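Participant: The residues making up each chain are set out below.
Number of protein chains: 2
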Amino acid sequence: MYRTHTCGELRLSDKNKTVTLGGWVQRTRDKGKLIWIDLRDRYGMTQLVAEESVTDTETFAALKKIGREFVVQIQGEVIEREAKNANMATGDIEIKVQSVKILSESELPPFTIEEDSDGGEELRMKYRYLDLRRPNLQRNLILRHKMAQLVRNYLSDKGFLEVETPFLIKSTPEGARDFVVPSRMHEGKFYALPQSPQMFKQLLMVAGYDRYFQITKCFRDEDFRADRQPEFTQIDCEMAFVEQDDILNMFEGLTKHIFKTVKGIEFTEPFQRITYDESMERYGNDRPDLRFGMPITEITQLVKGKDFKVFDEAEYVGALCAETPVEYTRKQLDALTDFVKRPQIGSKGLVYAKYGTDGVIKSSVDKFYSPEDLKRWAEAVSAKPGDLILILSGTKKQTLSALSELRLEMGNQLGLRDKNKFAPLWVVDFPLFEQDAETGKLYAMHHPFTSPKKSELHLLDTNPAAVKADAYDIVLNGSEIGGGSVRIFDRNIQEKMFSLLGFTKEEAEIQFGFLMNAFKFGAPPHAGLAFGFDRWVTIFSGSDSIRDVMAFPKNNAGKDIMLDAPAELHNDQLAELSLAISAKSPKK
Amino acid sequence: MYRTHTCGELRLSDKNKTVTLGGWVQRTRDKGKLIWIDLRDRYGMTQLVAEESVTDTETFAALKKIGREFVVQIQGEVIEREAKNANMATGDIEIKVQSVKILSESELPPFTIEEDSDGGEELRMKYRYLDLRRPNLQRNLILRHKMAQLVRNYLSDKGFLEVETPFLIKSTPEGARDFVVPSRMHEGKFYALPQSPQMFKQLLMVAGYDRYFQITKCFRDEDFRADRQPEFTQIDCEMAFVEQDDILNMFEGLTKHIFKTVKGIEFTEPFQRITYDESMERYGNDRPDLRFGMPITEITQLVKGKDFKVFDEAEYVGALCAETPVEYTRKQLDALTDFVKRPQIGSKGLVYAKYGTDGVIKSSVDKFYSPEDLKRWAEAVSAKPGDLILILSGTKKQTLSALSELRLEMGNQLGLRDKNKFAPLWVVDFPLFEQDAETGKLYAMHHPFTSPKKSELHLLDTNPAAVKADAYDIVLNGSEIGGGSVRIFDRNIQEKMFSLLGFTKEEAEIQFGFLMNAFKFGAPPHAGLAFGFDRWVTIFSGSDSIRDVMAFPKNNAGKDIMLDAPAELHNDQLAELSLAISAKSPKK
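Quick mapping for you: the protein sequence lines, in order, are chains W and X.
For the record, in the first sequence the residue sitting at position 373 is 394 according to the working numbering, with numbers rising by one throughout.
For the record, in the second sequence the residue sitting at position 476 is 497 according to the working numbering, with numbers rising by one throughout.
It is worth saying that the hints were derived from the structure and are not from the lab.
Incorrect hints may appear among the rest.
What the hints assert, rightly or not - Each computed DMTMM-like pair below joins lysine to aspartate or glutamate, with the alpha-carbon atoms no more than 25 Å apart:
#, chain 1, residue 1, chain 2, residue 2
1, X, K167, X, E136
2, X, K474, W, E126
3, W, K375, W, D387
4, X, K462, W, D387
Predicted model only: the values in this text are computed from it and were never measured.
So here's chain W without its partners, still in its complex pose:
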């Protein structure tokens, strides 16, 4: 061992001990005859001190040469500090250095190793091993470790088995794009990396494992969007002989346990459960941020027939009621109008009504609506003096989506989205299918193994797009942190599902044949759920990006800048794999 103690553990009770520490130099203060050094490791920081008059000459000279991020081993005596630092766990003591050994020198780092670094993202990604020295990233990865351990222990205690499923599997064109892996031994053939262990966990249920989980990497070759990673981590779970409520209760228990142990927050009441339809109507999306209220109220009928063409012609009119601390100015309202008119949101305009503290309501459409009309609006949205009513109109789908964005923006502006406040809930009763508006083609909303609700089975033949599924998401602060479903375990329903999704019998057989076969030999009822672990840790750590809770993330172009990956292969590697690069567009 290069040390007797870590840099985080010495206290006044260790006074007079001779200790050896190893760590990185955070900073040095050289006052000529007196030098202070802050020595850092994962566990904390300890102040070292050396005085020229009492320190061995060679040691003192060596200390003078030490720079930021050098790795040193020092021996010295624990002494009481004159000026104690209450902000440091070791702030009562310092180490009077007796000898020093420079284990490893450091060039000047390209950015500061501090809570807030001066390095840009690309630079920090290139030197990720230095970025990872920053205390916030260390806290995040420690939190991630802790959460993973807690999840594993909780589920193990509940009888779940962690079973490793394979990474080299078979490509299924269903869903997102697979990453593939050429096989050298089987010329022209490929493995695929799993997008999730979905089919394997179902097979484990068929195999009688009863309760399965796995914290595992999944892979999706998507066009990168902000905060997507080609590889990400799922807490993947499945149970047999259960119904939807059993799953919700089990994983609500897990979630509460993690909240309590990690955040010290105890949820004594059951999580709110709202249906997909209600979530869409009240919040405009299926992952509502319930840290604040401000629900959407439909006022379509209330506003029609007053010669205001915009509303008269709209399929849907919806309102939000925001409690503003002071009256919104014209400039602020114009900015909100610009916000909803952005192409990503796509509203044509914003109507507002300000409920003055004097009780008078003034709107941007006063010439069409009488004070009594506006009073009725205020009643409809339960507005009170001081509130701001915001109204959007258009097609129902677009308007709800725009109201959702506007609601979140108002939440931001009014400081209602506190990172230290947590509002978990379940969204249930998702539709089984999404339907393409133009082609009418049906797509699985969750995946093709999701069970329709028993009560709606008869609709599969007559109106499949209306069928609701035993599918559910767990939502936290506006993010889906997990989702799952009861699975189909009846071969006939599964075949019907494939057929509704447009698979021919042959296609279904090639892609899912082994699962269909498995169902021939006694499949138990089963259901499951997967948490997006990266996102959950991101929210718990208060970070803005999942990149901040991963040790070695890719950038938004899917590149690892530090490794310079992906990279070209040697020609002989390609030859061994029987592969040639063919340009996408013909080049001569």
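Guided by the hints, dock chain X onto chain W, whose structure is given.
Facilitator: Relative to chain W, chain X alone:
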């Protein structure tokens, strides 16, 4: 919930309870007016009984239709059995069935779902979900889960952090072949799957994480040999500010903990530590099976000069002394001779000497050696009356290797390799390099980051092939279950190492540049170890193959027979990846 209890939990104390069970039908015994059914789940087996005279007609008819592996839900009353079965945890009770629901029918399985199945390996691999129902595989996967949990909790308690490292990395031609992953977004470029997280764990040490572990999948595209898998699981560990002894002590502690909790075996003494050189001399290999003695004794000098040409011309002569319960027959000795003459072993012949219980030693080379000569042989190998001395000769390297095989074979024949006996040990002081006998080229014995012993640094320039490394393996019952080394953390030594391994500066820079760069910014001394988790579980489970401790293994040709992977891709998938299949040998 489809059940109130599992099939493993009901006892006499539950008598008279009305319960609901779900599970698979193991077997039915239909005696006409009386039916017994054994219902199985992961937790155990419960006997159901129904009597025609007292059972509802419809229920009785349904029970009559039930076959093997049907999934059923039954309700009934717990009653005391007349004929108790002490071999079953639930053997004191049975369930008097009141109602039954067939949840899922089953075709007749293609092989029996029993401890010993009648299915061949290929068939069982194809129907892996049925194979996985067998109690031995269930025990193995439960054991695997338990061991992984214990490892994680032990290491977490010791301050280790589990950090996930990436799967999509960069190919390094060093070592075994990489599996690669074509990038769609970056035409003509590839990611590689990690052969181990080696460089990442070293970077985490540079980043100050201090104690890291991860139970993770690794990938090697090797030509498949018996019991190799293209993806396998490692318990990967690394520590900073430590020396070799710290690592050995830490992971010996882990190993003992797992032995104690899983196997109930307590090792109170430190594990034996033997050097690589000693292991080679005494056991002919670097992973000795110490469940039994029978070490190799060199007798080269003792046997020379008696006109026996074979020994006179041999570089090396070595002997084993086996304690045989009865005298080996001529036929047995001939079989041993055939064994050592097999091409894989390659000895030219076997010399033996039988130490009779009458004190007379008879050898196969009596005409060259006097009774006094043979007496001296017996003394050299500490033989006593009744023992069998086996002697091989030839070049030192080949002969030691052959003696190693012969020793293990004798261990098998004499029943000395009991699966319930465990002999862990450390092999230390491995050579830094392996040298190609013909070309003289040096290869890293562990990997290029392994540190030479400090005391031997000076030999790097003069005689690198003789340099010993701070490298160690942990060996159990003749298998290496883990290995590791102290790492180089000095940039100059690392560069020298790359140069000795024949890398140009440019090659080293392209492949390991980021690690070399990292070492510029303050690298702590560090060292680590990785356990081969599959092998460890295999030994603990008493299985013969790592395939028996993996849920979904590949066969020896790297194929997943159940999935039919690898498989051909759609042409448009290939086109998106800018790839074309090019035949290995030119086809016109």
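Participant: Assess, step by step, whether the Cα of K167 (chain X) is no farther than 25 Å from the Cα of E136 (chain X), and give holds or violated.
Facilitator: holds (21 Å)
Participant: Taken at face value, is the distance from the CA of D387 (chain W) to the CA of K462 (chain X) at most 25 Å?
Facilitator: Violated, at roughly 90 Å.
Participant: Keeping to a limit of 25 Å between CA atoms, is the pair of K474 (chain X) and E126 (chain W) held or broken?
Facilitator: This hinted pair holds, its Cα atoms lying about 21 Å apart.
Participant: Would you mind confirming whether the straight-line C-alpha gap from K375 (chain W) to D387 (chain W) stays at or under 25 Å?
Facilitator: Judged against 25 Å, a Cα distance of about 11 Å means the pair holds.
Hint 4 alone, counting from the list given before, is not met by this structure.
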